[in-house]
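2 protein chains.
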Amino acid sequence: MFPKEVSIVEVGPRDGLQNEKRTLSVDQKIELIQLLSKTGLNRIEAGSFVSPKWVPQMANSDAVFKALNPENKIHYSALTPNLRGLEAAIDAGVKEVAVFGAASESFSQKNINCSISESLKRFEAVFALANKNNIKVRGYVSCVMGCPYEGEIPPDAVTQVSKELVDMGCYEVSLGDTIGVGTPMATKLLLDDVLKEVNVSKVAAHFHDTYGQALVNLYTALGYGISSIDSAIAGLGGCPYAKGASGNVATEDVLYMLNGMGISTGVDMPTLLKASAYIAELLGRSPVSKVASALLAK
Amino acid sequence: MFPKEVSIVEVGPRDGLQNEKRTLSVDQKIELIQLLSKTGLNRIEAGSFVSPKWVPQMANSDAVFKALNPENKIHYSALTPNLRGLEAAIDAGVKEVAVFGAASESFSQKNINCSISESLKRFEAVFALANKNNIKVRGYVSCVMGCPYEGEIPPDAVTQVSKELVDMGCYEVSLGDTIGVGTPMATKLLLDDVLKEVNVSKVAAHFHDTYGQALVNLYTALGYGISSIDSAIAGLGGCPYAKGASGNVATEDVLYMLNGMGISTGVDMPTLLKASAYIAELLGRSPVSKVASALLAK
Chain S
1 MFPKEVSIVE VGPRDGLQNE KRTLSVDQKI ELIQLLSKTG LNRIEAGSFV
51 SPKWVPQMAN SDAVFKALNP ENKIHYSALT PNLRGLEAAI DAGVKEVAVF
101 GAASESFSQK NINCSISESL KRFEAVFALA NKNNIKVRGY VSCVMGCPYE
151 GEIPPDAVTQ VSKELVDMGC YEVSLGDTIG VGTPMATKLL LDDVLKEVNV
201 SKVAAHFHDT YGQALVNLYT ALGYGISSID SAIAGLGGCP YAKGASGNVA
251 TEDVLYMLNG MGISTGVDMP TLLKASAYIA ELLGRSPVSK VASALLAK
Chain F
1 MFPKEVSIVE VGPRDGLQNE KRTLSVDQKI ELIQLLSKTG LNRIEAGSFV
51 SPKWVPQMAN SDAVFKALNP ENKIHYSALT PNLRGLEAAI DAGVKEVAVF
101 GAASESFSQK NINCSISESL KRFEAVFALA NKNNIKVRGY VSCVMGCPYE
151 GEIPPDAVTQ VSKELVDMGC YEVSLGDTIG VGTPMATKLL LDDVLKEVNV
201 SKVAAHFHDT YGQALVNLYT ALGYGISSID SAIAGLGGCP YAKGASGNVA
251 TEDVLYMLNG MGISTGVDMP TLLKASAYIA ELLGRSPVSK VASALLAK
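As they're listed, the protein sequences go chains S and F. Position one of the first sequence corresponds to residue 1 (UniProt numbering), numbered consecutively onward. Position one of the second sequence corresponds to residue 1 (UniProt numbering), numbered consecutively onward.
I should point out that these hints are in silico values taken from the structure, not numbers from a laboratory. It is possible that part of the hints are untrue.
Chain copies aren't distinguished; within one or between two, either way the pair holds.
In silico PhoX-like cross-links for lysine-lysine, where the CA-CA straight-line distance does not exceed 25 Å [claimed, not checked]:
hint	residue 1	residue 2
1	K274	K243
2	K21	K298
3	K4	K188
4	K188	K202
5	K136	K274
6	K298	K243
7	K4	K121
Since the structure is predicted, the reported quantities are computational estimates derived from the model, not experimental observations.
Build the full structure now, drawing on both the sequences and the hints.
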């Protein structure tokens, strides 16, 4: 039941860097994305169009996108939380965007100041403008296996918002274990529910490794036929809800597991390690990736 | 097919500490083992009877064992690589020992200076003396999914030495992914072979997390019904074959996964975290456990 191929969505330059203390310069961000573009990855989330007042790490995403080569067949996407963000993304030449919904009411209120259904309603204008401009829209659902405010989240809450995002026009929904609390059993309960309403080809797994469970949860998701996985080079990004804890699962660790399972991704490990080494040196620390740490130590 | 209960074998005080640069004092080792003894763990590998010239970290294991309370129903075991080690262990009141075999000829030669079959032959005297003294013997098989010298190891090499160890009298063989290179598929190929010859109730999984794959490999092994897992508090122990890389899978991370799967262990997480915090402070670094890092950060 495992897929033969998996599409890795590299989210390090966005979800990763936005949770790092140190803000990179535009040139450094471009260099990182260009190194990633040589690895065989063909989906890279390269920035976010949000107020730099709230997310200074993502300032100047327009300059980043303008510098990327649109001819190289890589899908560079941007997070656009609202219409204003989408307009700015279009101006910068972005061809794919992502919107951000939550499966937890408290998280939605604290994070974007409105209810889940209000947030979906606001996306209508985003989808309309995206359609008009032939821009693909991906949907994130956060807190799918737990919320920092509410604790456990019932799977059907995830299913409902996932289905609505797909119905509104998302080509894929990415299920985010935002605080990394999921386990294999929670992953099963989640997917048993979500896949009743959303076709597996439209579901991606976006798991954080805060409790070290990301790979085993991804393995569980692969068993359901999920073939789209989000990860971040060098495990970039911490967890804002547990200081000192880790965030996104590392792309290197995901690739090592997939390689070992005979699942093809098109991504080359040695080239990926160059991007790891680059960003680790910039941030002045070891990659938060056991694979990168072991291989770079050799 | 998952077991309802798993027995965790805490190997931090031996396999962990012997690979740490810093050598703990006898009192510090005793304090660590006593903290671990309060957690609900009932199998703890507490030391090793080897020459302090080769493994200075394990010097004075006799003093450690003499200080442990034999009345508290916890099985404290010791690694005894040869007859001399076993004699010293008996003098210290040890009731359970472990012997160490390899599935790789090159590793056996470089590590214990003899072939695999010679090493098994040498154990005959160890088993004889152990039997005479009513001492249980556990067997380790190292390099079960890869060798630092030979690379891949064929599963039937593991099966053969595992079967011989059981035939010689080991109540359990612990399959060690010494360099942590295993993946779920390699784990399946290994267990498909080993379990043809050795009953699953006599097989333990001892996986290192050098490449971040230990939990997903353990999850795979649990699916085969394996119900004995080795792990080390705070992920103690590095990997002598890849400097800066990590070693044993952390007990906290294993426990978190098992708890999430509804598999009982009898081990209490908050009490376990006290042992984590103690050893991390002694070694002057964070635990090599994402669970401990996340929970202690709260």
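Evaluated hints:
no., hint, in the structure
1, K274 / K243, "between (28 Å within a copy, 19 Å between copies)"
2, K21 / K298, "between (29 Å within a copy, 19 Å between copies)"
3, K4 / K188, "both (20 Å within a copy, 18 Å between copies)"
4, K188 / K202, "within (17 Å within a copy, 29 Å between copies)"
5, K136 / K274, "neither (30 Å within a copy, 49 Å between copies)"
6, K298 / K243, "between (30 Å within a copy, 7 Å between copies)"
7, K4 / K121, "neither (37 Å within a copy, 45 Å between copies)"
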